[in-house]
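Undergrad: Take a look at the letters that make up each chain.
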Amino acid sequence: MNLSDRELALKSIAYRRSMLHWIKHAGAGHTGGGLSCIDILNVLYNRVLRVSPATFADPNRDRYIQSKGHCVEALYVVLADRGFFPEDKLQTLCQYDSPFVGHPTRAVPGIEHNTGALGHGLSVGVGAAIAGKKDRRDFRVYVLMGDGELAEGSNWEAAMAAAHYSLDNLIAVVDHNTLQISGRTRDVCSNEPLDEKFRAFGWHVQTVEGHNFNELTAALAPSDDIRTPRMIIANTTKGKGISFMEDAAKWHHGVPSDAEYAAAMRELDDASTHMPNPVGAAR
Amino acid sequence: MSAPAPSMYSPQARAMAEMLGLKMGRANLEEFAETLLSMARANRNILAVTSDSRGSGKLGLFAQALPDQIVELGIAEQNLVGVAAGLASAGKTVYAVSPACFLTARGLEQIKNDVAYSDHPVKLIGISAGVSYGALGSTHHSLHDLAALRAINNIDIVAPADNFETREIIRQSADRQIPIYIRFGKAPLFDLNVPTTIFELGKSITLRDGTDIAFIATGETVIHSLLAAGALAEFGVSSRVISMHTVKPLDAHTVLKAGRECRALVTVEEHSIFGGLGDACAAVLMQAGISVPFQIAAFPDEHTVTGSQADIFQHYGISMEGLAQRAQTLLRLDSR
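Chains H and D are the protein sequences, given in the same order. Here our numbering is used: the first residue of the first sequence is 33, the next is one more, and so on. Here our numbering is used: the first residue of the second sequence is 346, the next is one more, and so on.
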């Protein structure tokens, strides 16, 4: 599985297209945050995670826990692309009696943990990582969090425990799009500076451009030198890839109108048509 | 220094216990700790997870003997429950041990989402439950836990009445694939069950049969019901005493049978009058169309009186005398 940057970029466009399609179809979804984290999921599932439908029950598989559960549509389209289930199953997204709830649940193949209430994923990741250490397994645990969700105190309880137990098999990523439902995170109730906070909690911290495949790949790769839990602050843009959705809190769970949907699809068409080659190279 | 704790039993109650041939055992807390240690010695996959609660959970010996099998998380109950779920998700057999008051209030959302909803079979051990902490006050009491957890699906709730029930549920819980909450106190208890009793989750134990009054009790109030039954016998009242150790799933069959066969019912629990065993039994009876004089002996909807656990039990009538009196009053209402 060695996808080129160009292949990843094409996948991201396809993922954005699918995500918007299914959100439009369901009439519900978390559009802005899904678009901000889709490149992170792309790199995780196509370059980093050692997990597949065939190995999902393997105790040695890498774990991915999406603590910002509301951005589930991004996860659904990536899991479908990776073969965990046929994408057309998303026809039932948020419909009566569907396993495809508006937040991740283990009823869907490929999902490790039910999330949705914020501030839960990191603790669960800490537990899985401690189990990995105890059983001397080499799996790694990845947790994706939102920056808004870091206001939940439970995250900091988990952060302390992760450092206390030197969980170098735990890698957390913050989708740092600086927006939450009410506006700028720094205006709602600032939790900045995140990097200094996590360093003070005993974590190894890296800040990357969260839409740059090379930076993400390098940061998410295993490291033998780092003996602490790792925090990757991925600077992202909420609504990334659709001009009129970018950096606007109102798209937190906005569903596009017919005209907006058509305009978004045109932008994604243009992006794939005019994609320079190679894409995503280090700046 | 605090005054010596008064006994949970009046001299008359002690005399009754002796008459019934009951022997004093130890605290369920101690029974739990020793049982878990012996299980964990035999199974390296068993972990105790604590929130600075190894002392109050009597797990000091466990930590010394099996340091690799205890995970300490400090005073952080939300993280305690989340980490326990993560450990269980990776195949560990996890006992998350923390005072019931904090575990089920501070950690409630984690219990709901990370354990019950996510279906990770964590064993949540609520220690020093009910009013075990006595005069430390309401911050340390858990009179809400049965109500809160009953309303969450996919978690069983057990309150053992004596050392036997504690030992059995701790042992049996290890291989269960459904999340479970087990709560008990730290005061020494009389042994109520005979060794030949079969303990089965969800199936109550009838400790004494009778047809006038039925006490359906759970946890550490069962002993007081049994003593009350002894006291009532001296007045010619025949009492049934049921140890409803499993609050959920409720043994509805036995509740209905008692409702049909006895003249009156009293439920007894170390919990708020709201949302616990009493409400559960009332709902079962009402929905089956069984109308019987019925009372819930529990803690009223008020700031709990200050005092030791014994003081508080006595104040609210969770005692041999209080329960016997309540039964007599209730039976006078019965015209059958």
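Hints are computed from structural coordinates only; laboratory data are not their basis. Hints are supplied without guarantee of correctness; some may be wrong.
[To be verified] Listing some non-contacts, in silico: residues in chain D with all C-beta distances to chain H over 10 Å: (1) V416; (2) Q423; (3) A429; (4) K437; (5) E513.
[Unchecked claim] Examples of chain D residues toward chain H, derived with CB under 8 Å: (6) E375; (7) E379; (8) D397; (9) A408; (10) P412; (11) N424; (12) A435; (13) A450; (14) L453; (15) N458; (16) Y462; (17) P466; (18) D536; (19) P540; (20) H598; (21) H660.
[As the list claims (entries may be wrong)] Label-pair distances were calculated between CB atoms; the ranges are: (22) P85(H) to P533(D): 51 to 59 Å; (23) A139(H) to N390(D): 25 to 33 Å; (24) N388(D) to D170(H): 35 to 43 Å.
Ideal Cβ placement from N, Cα and C applies to all residues, glycine included.
Undergrad: May I ask which of the numbered hints given earlier this structure violates, with the numbers listed in increasing order?
TA: Of the numbered hints, 1, 2, 3, 4, 6, 7, 8, 9, 10, 13, 14, 17, 18, 19, 20, 21 and 24 do not hold.
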